[in-house]
Amino acid sequence: MPKDPIEKKSKKVKEPFVIPPVPTKPQQCHFYVLRKRRYCGLPARKDLNYCGEHLNEKPDKEGLPKRIPCPYDNSHTIFEKDLEKHLKSRCNARPRELPVCHSLNVNCTLPLSEEELEFQRNIYSHQKMFVQPWLARVQLQELSREDLDSIINKVNIAYDANVAPIPMEQLTHPSSEKKRSTIQNTKHLDQLSSLMGHMEKNNMLRDKTACFVEFGAGKGDMSLYVKKAVDEENGEATYLLLDRKSVRNKTDLTLHGHSENKSRVQRQLIDIKDLDLSKVECIADNNKKVVAVSKHLCGCATDISLKCLMNYVETEKSKGQTDPIQGIIIALCCHQICRYEMYPNQEYLESINMSKIEFERMCKMTSWATCHSGGGSNKAAKMSDAEPAEEDEHPNNNEDGDDNSDETTNHFSGRDHKERESIGYKCKRVIDAGRAKYLEQFGFDAKLVYYVDSATSLENCALIATPKQQ
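Last residue of the sequence shown: 482 (the numbering used here), numbering continuous.
Since the hints were derived computationally from the structure, they do not count as laboratory data.
No false leads were mixed into what you were given.
For lysine-lysine, the following DSS-like pairs were computed, each having C-alpha atoms within a straight-line distance of at most 30 Å:
| # | residue 1 | residue 2 |
| --- | --- | --- |
| 1 | Lys291 | Lys100 |
| 2 | Lys291 | Lys240 |
| 3 | Lys58 | Lys97 |
| 4 | Lys78 | Lys93 |
| 5 | Lys220 | Lys190 |
| 6 | Lys449 | Lys459 |
| 7 | Lys300 | Lys331 |
| 8 | Lys213 | Lys191 |
| 9 | Lys240 | Lys274 |
| 10 | Lys257 | Lys291 |
| 11 | Lys301 | Lys240 |
| 12 | Lys48 | Lys199 |
| 13 | Lys480 | Lys300 |
| 14 | Lys70 | Lys37 |
| 15 | Lys480 | Lys240 |
| 16 | Lys199 | Lys231 |
What follows is a set of in silico ranges between Cβ atoms, one per label pair, in the way DEER data are often shown:
| # | residue 1 | residue 2 | range |
| --- | --- | --- | --- |
| 17 | Asn261 | Val30 | 33 to 39 Å |
| 18 | Asn299 | Val259 | 28 to 34 Å |
| 19 | Ala173 | Gly455 | 19 to 25 Å |
| 20 | Pro55 | Pro81 | 20 to 26 Å |
| 21 | Arg106 | Glu127 | 20 to 26 Å |
These numbers come from a predicted model, not from an experiment.
Yeah, the Cβ is synthetic: ideal placement off N, Cα and C, and Gly gets one too.
Based on the sequences and whatever the hints tell you, model everything.
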């Protein structure tokens, strides 16, 4: 029986946008920021209507000092006459003195391309880019059906051969649960409480004197939960927070504690790919065991973190230290931005017959797992308010040329949404299986576990590793 034709809703005609009148607030900049639909909030000089940043936009700017883009960070401008002073001591993006623990690209498995090296040298020039150029070039919809089916077939074979059944274990920890009655949105709490539960289960919280290293720390929320779970009140533990940029509302002061003997806290601003962990001050001057933690460490950041940790294991074992790392727990995410040159287990990729180009395409397909279909499902509604503070930092998961608005085979892959989602998850787990096998080469028991359900987070898989029992 034919279905009744669906009546299309008539589209509303958009009225032309009118810029509102200039603000009456004294000394407020008169430049209208169209993207934000408001006037600039920066103050202007008493004798001008525009702030320093927008003086170039002033209609009658003749006679005003010339402003130019900052050579270090072209997202802001400076007076040309102040260039030398700005570059020498004022610009926050100016090159800093490299720390002792810096070793360029030490955690990259293969040499990086000249394009990527150039990109890194000018990292501040690319702040407004949504995706790196080499990732943008991977366009799945431009592949022939034969090439796409070939990669999917390899993924299916690799998944069946290397990925064991992954258990669903959503745990809790008493120290985290105390907060439950005080908050409405428990999304982050569910994840962190379960991660603390898994740390307890795998004996990562037993040693109060350990050095807890948080990769991609941001504010340091996970370290704060660790501090509560360890229940150290006399400053026994050390906390190392690693990130490549500074953030607001850091937890560093809280991590020190309120007792007379405060915990040691070190925040190191560095790209993980350049980090020699053995030379970080708070690790180098003692023999504390290391526990590595991270919640939602994006793509290749996970890979270079694992490489960093195993390089540390090798260094410490050469000094006679056995099992320098007590445990590793990383909540995984954003596999679509993994980099072939940074993936730690190249032998594994060879064993599953995955070339560089195929690996990049497989990474791109992982986004199929986290791009929910349209239609206003309950699941989609739950995910729409997902982690604003955290997910804003994550790359866009939308796949090339696909808004996932249909559940039919009109997709360029010839597969409906459910099948694409399954393929996407298989791609993720194939990548994760190689990571686990890499850790096993260095004497770790490594496993994957779903630590929360998918309604809480679509990125709900964690990699857990502990030293093998002798």
